[in-house]
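Q: Using the sequences and the accompanying hints, generate a full structural model.
Line order of the protein sequences matches chains Y and C.
Per this note's numbering: the first sequence = residues 1 to 145.
Per this note's numbering: the second sequence = residues 1 to 86.
Keep in mind the hints are simulated off the structure, nothing from the lab.
Honestly, I wouldn't trust all of these hints.
[Claimed, not checked] Simulated pairs of lysine to aspartate or glutamate, EDC-like, Cα-Cα distance not exceeding 16 Å:
| hint | chain 1 | residue 1 | chain 2 | residue 2 |
| --- | --- | --- | --- | --- |
| 1 | Y | Lys-16 | C | Asp-76 |
| 2 | Y | Lys-51 | Y | Glu-145 |
| 3 | Y | Lys-115 | C | Asp-76 |
| 4 | Y | Lys-51 | Y | Glu-121 |
[To be verified] Listed below are several chain Y residues computed to face chain C (Cβ distance under 7 Å; list not exhaustive):
| hint | residue |
| --- | --- |
| 5 | Ser-14 |
| 6 | Thr-69 |
| 7 | Gln-70 |
| 8 | Asn-72 |
| 9 | Val-73 |
| 10 | Leu-79 |
| 11 | Ala-82 |
| 12 | Arg-85 |
| 13 | Ala-87 |
[To be verified] Reference listing, derived: stretches of chain C covered by chain Y, where coverage requires no fewer than 3 residues with Cβ under 8 Å from a Cβ of chain Y:
| hint | stretch |
| --- | --- |
| 14 | 60 to 72 |
| 15 | 75 to 86 |
For each residue, glycine too, the CB sits at the ideal point set by N, CA and C.
This is what each chain is made of:
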Amino acid sequence: MNEERRQILEMLSSGKITTDEAERLLAALDTPPATASSAASSEPGLKPNPKYLRVLVEDRSQRPGKGHTQVNVRVPMQLLRAGVRLASFIPAQAQNRVNDALREQGIQLDLSQLKPENLEELVNQISELTVDVDDDDTKVRVFCE
Amino acid sequence: MIPLLVILGFRKHNGRIVRFWIPVFLVWLLLLPLVLVLLPFAFIALVVMKLNPFRLFKAGWQVLSGLRGTRVEVEDDNAFVLIRIL
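A: Structure representation (structure tokens):
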């Protein structure tokens, strides 16, 4: 019997802890210590950071000359992060043109304001997001894994 | 780590799917002398363009490294294309 078990039993015999508490403590001694990452992943409500962005498209329309089409794309999140870092090297003139083109499409996004830390926040948020579009002919799914 | 292997696949006319395993680490080895020769010129050009060459090389390296795990697969009745970067 090791020292910790002896101490737990002594605390139980002296009435400092209940039998339930002693049982929990003994069980905790039997459990091997978990690493920080595995503890985070096993904790309910906390998901590990997604590694990939998946886009699945299935076109079931039977148009002439075009049959059943399937698209399966997996993009590493690391590539998205690196892409944002690379975007900071786009010259200001080109950034303005891209911003204008985005604004014409109704997207209010300023590329110069896009920073890696913003992307990290975005990645954390979209890990919970799933886009699921399903109609008679087409099915689109965008999610993180 | 940069990609070491690329798998390209497509469907032939007879319907068979052909996959090519391309060891890109050999391509990196072949490109290395060329990169070493071009590096000083690229460095000077970036300095002239008022860009930090170290930051740009780092960002480029991260993009290259980030490619690992990419998978693109498109399939329909007539065609099949697969690109996997490992």
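Q: Hint by hint, work out which the structure violates, then give me just those numbers in ascending order.
A: Violated hints: 1, 3, 5, 13; rest satisfied.
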